[in-house]
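Protein chains: 2
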Amino acid sequence: MSDALRIGVAGLGTVGASVVRLLQEHGDQLARKSGRPVRVSAVSARDRGRDRGVDLSSMAWFDDPVAMARSADIDIFVELVGGESGAAEDSVRAALQRGLHVVTANKALLAKHGVDLALLAEQHNACLNYEAAVAGGIPIVKTMRESLSGNAVSRVYGILNGTCNYILTRMEDEGLSFEACLADAQRLGYAEADPTFDIEGFDTAHKLAILTSLAFGTKISSDTIYVEGITSITTADIHAASELGYRIKLLGVAQRTESGIEQRVHPTMVPKSSAIARIDGVLNAVAVDGDFVGEVILVGPGAGGKATASSVVADIADIARGDETPVLGTPAAELDDYVRAGMRKHAGGYYIRLAVYDRPGAFAEIANCMADADISLESIVQRRNGSAASIERAEPQPVILITYETTEEAVKKALDVIQSKGVVAAAPQMIRIEKLT
Amino acid sequence: MSDALRIGVAGLGTVGASVVRLLQEHGDQLARKSGRPVRVSAVSARDRGRDRGVDLSSMAWFDDPVAMARSADIDIFVELVGGESGAAEDSVRAALQRGLHVVTANKALLAKHGVDLALLAEQHNACLNYEAAVAGGIPIVKTMRESLSGNAVSRVYGILNGTCNYILTRMEDEGLSFEACLADAQRLGYAEADPTFDIEGFDTAHKLAILTSLAFGTKISSDTIYVEGITSITTADIHAASELGYRIKLLGVAQRTESGIEQRVHPTMVPKSSAIARIDGVLNAVAVDGDFVGEVILVGPGAGGKATASSVVADIADIARGDETPVLGTPAAELDDYVRAGMRKHAGGYYIRLAVYDRPGAFAEIANCMADADISLESIVQRRNGSAASIERAEPQPVILITYETTEEAVKKALDVIQSKGVVAAAPQMIRIEKLT
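Keeping their order, the protein sequence lines are chains A and B.
First residue of the first sequence? That's 1 in UniProt numbering, and the numbers climb one at a time after it.
First residue of the second sequence? That's 1 in UniProt numbering, and the numbers climb one at a time after it.
Hints in this document: simulated from the structure, not taken from any laboratory.
One or more of the hints may lead you astray.
[What the hints assert, rightly or not] DSS-like, lysine-lysine: derived pairs with alpha carbons at most 30 Å apart:
id: 1; chain 1: A; residue 1: K435; chain 2: B; residue 2: K272
id: 2; chain 1: A; residue 1: K272; chain 2: B; residue 2: K435
id: 3; chain 1: B; residue 1: K272; chain 2: B; residue 2: K435
id: 4; chain 1: B; residue 1: K412; chain 2: B; residue 2: K272
id: 5; chain 1: B; residue 1: K272; chain 2: A; residue 2: K272
id: 6; chain 1: A; residue 1: K345; chain 2: A; residue 2: K412
id: 7; chain 1: A; residue 1: K345; chain 2: A; residue 2: K413
id: 8; chain 1: A; residue 1: K345; chain 2: A; residue 2: K421
Could you put together the complete structure from these sequences and hints?
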């Protein structure tokens with residue numbers, strides 16, 4: 001058996017500590033499988049005194065991850081520091097420049113600097129593995145980089161943020177408000193004190209940017225993603241969706257179209273019968289549509305120290321076996337430019353909820369606006385809510401429209417006209433419907 | 001870029017023809033990703049004249065796959081002949097002995113000779129890849145061999161036969177009999193003219209035998225699997241299961257227990273809320289429970305020429321990249337012996353359907369038999385079926401029992417006693433309940 005592979009772990013939060021523990025608990029099994037013992041020989045974190053429940057006594061300690069990347073006696077640098085730049089970026093660059101292999105769980109770093117880092121890694125014959133950066137414990141990076149490499153991918157989509165899925169699931173199951181579910185998610189540690197990054201869809205967008213590159217062999221383009229979070233979703237929407245046979249999920253979708261590649265993150269109506277509709281709670285799921293394989297879906301834990309450590313260690317084991325894959329599936333120098341398909345051309349069905357003033361002709365005006373924009377309606381649901389008194393007062397009544405396939409441009413235009421006519425009491429709610437089998 | 005990797009494809013049925021087509025259609029993409037062009041340079045099949053919709057003119061033709069394995073000018077031998085011995089086995093052995101890499105979709109061959117062939121491959125520094133042998137287009141072999149290699153697996157289970165799942169799904173959805181659904185499956189090409197191999201669970205058992213070895217690092221042991229097919233499942237069972245919150249699926253399950261490893265294939269009651277319950281039609285799904293990752297589930301097409309070709313080509317691409325993995329995850333010489341946990345010790349809940357003679361004391365006798373065997377009952381459902389006249393004639397009435405966790409031994413003993421007392425009109429139906437989250 002070869003010499004031990006020496007690992008340096010930068011960042012000893014829940015993931016880092018779990019990686020150290022996994023390598024200690026299952027080191028023998030891993031050595032047997034990969035043909036090479038793996039040993040953590042250096043670690044880096046801010047607070048040396050903190051008890052992390054693992055024995056670090058045999059490892060060299062570095063206060064600074066960049067110093068560890070530059071000088072530690074290691075073969076693989078594991079970056080679990082986090083952040084799209086700063087110490088994470090500096091240490092990864094330093095490690096790759098030395099020809100060290102790098103394993104990272106850092107989606108923000110890859111979304112921003114992925115192509116650059118891939119070039120650097122490939123110039124130095126170093127591996128850059130990042131299974132844990134997308135969907136935690138789910139092996140979607142390897143599946144796309146290797147298992148589906150013979151397919152032309154037409155679409156990749158998924159539930160990539162457990163916080164949002166937890167909130168949407170509880171809103172539906174228990175009829176609770178967004179705010180109440182978010183507060184619970186924070187209490188349970190599923191959401192940060194500042195939840196913006198999760199609930200506004202940015203976390204999903206980072207992961208999607210990586211998946212898009214893997215799916216289509218294009219350069220990562222995270223700044224061009226259409227991003228809409230879940231804060232505008234109400235229990236009324238969830239209830240109406242359910243009555244119409246849909247669930248609402250925050251999806252990240254990348255799809256090849258005639259005009260380029262769409263990358264979009266938004267609340268999405270998915271048919272209840274679809275597999276993705278049935279992913280509940282903090283779980284993640286990613287689906288890939290390939291021309292030969294059809295659709296493959298992977299489901300599992302998208303976060304958590306132990307699940308994420310499972311992916312980090314799989315990346316390490318690949319390096320131990322000598323398995324080298326282009327960082328983004330295709331060699332970085334050969335990636336195609338990303339050609340963006342703008343959202344206005346997005347084609348699909350739409351759910352529209354309007355608060356319509358209860359007066360003669362209002363509904364006819366709405367119907368005319370839709371017809372003028374060439375939008376056909378699949379369903380129209382108007383149900384009076386509230387008491388006889390509220391009807392007497394002519395309070396706005398909710399009207400739900402489901403369109404047949406049309407374009408984003410047409411819908412936006414129609415809704416602008418409807419608003420300008422003064423027949424609705426509030427800005428319309430609009431949720432895209434994803435075509436799924 | 002390196003020299004082209006030369007492929008010999010033995011067997012040109014739907015899968016073989018799809019592999020040739022995939023390599024022709026996506027050859028450039030594959031070469032870019034794996035760093036090496038891949039080219040089919042030899043083929044073998046019985047009938048040279050048949051039109052397979054692909055251009056074979058540039059390839060050397062062999063009538064005999066063994067001759068091709070022995071003498072063709074190739075780097076990889078792709079075995080798509082089928083069968084657990086004969087030409088498939090002979091050609092694979094011949095290829096490995098020459099040091100050729102082998103890719104196969106042949107589950108029967110691996111279930112029977114997998115350890116032997118793995119030893120042979122590893123002695124000759126050859127790869128033996130078989131992603132397509134388990135669950136068609138789903139990348140479960142790579143996931144277990146590589147992505148989850150850091151985990152101690154406690155259980156792997158799945159829906160591994162699309163024919164059975166199609167039949168069970170239609171029986172539930174449309175209330176049709178087993179026979180009617182089987183006939184439809186045959187008409188649609190989902191089932192063979194002789195469906196025994198599928199519906200009696202043997203196909204599932206072959207795939208399970210491979211998964212067990214990958215999960216636990218043990219030698220393949222396909223002869224010791226407990227196998228029970230779906231022919232005894234009635235619409236009455238499916239209906240009763242549904243009322244109690246379950247679906248019936250044919251599962252293959254391998255599970256570590258205190259006394260060894262259980263390998264079992266049988267109709268299984270799974271909670272409707274579980275992910276596996278929601279896999280409908282010809283789809284396959286495999287779930288792996290690992291100590292770090294938790295549960296990961298992969299869903300996709302388990303059969304079909306194109307989906308299977310996707311997996312065959314992924315195996316080829318791995319070889320093109322130079323990725324070498326022990327055939328069964330662990331080097332074959334280091335696999336542990338398989339220690340069988342007998343079915344009598346199997347612990348779980350049970351569904352029992354009895355046809356009870358409608359006379360005083362019958363039910364008390366059944367309850368006493370269960371109590372004597374120390375079996376606690378979670379539910380008892382007795383609903384008179386048929387007309388007042390049938391009740392008048394004291395025809396047997398169905399009684400459904402759901403037990404709490406007990407052992408197979410206790411259940412079998414209790415059911416034997418119940419039958420010996422003459423209170424039931426037919427052999428009891430017994431379906432195991434799988435504990436799932």
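Going straight from one Cα to the other, do B:K272 and A:K272 come out at no more than 30 Å? 14 Å, holds
Does the alpha-carbon distance linking B:K272 and B:K435 stay inside the 30 Å limit? This hinted pair holds, its Cα atoms lying about 12 Å apart.
Given the hint that A:K345 pairs with A:K421, does the C-alpha gap stay at or below 30 Å? 25 Å, holds
Hinted pair A:K435 and B:K272, Cα distance within 30 Å: 25 Å, holds
30 Å Cα cutoff - pair A:K272, B:K435: 25 Å, holds
Given pair status - A:K413, A:K345, alpha carbons within 30 Å: Holds - the C-alpha atoms of A:K413 and A:K345 are around 13 Å apart, at most 30 Å.
Sort out whether B:K272 lies within 30 Å of B:K412, counting only the CA atoms. 26 Å, holds
Would you check the hint for A:K345 and A:K412, treating anything up to 30 Å between C-alpha atoms as holding? 11 Å, holds
Figure legend: structure checked against the earlier numbered hints; every hint is met.
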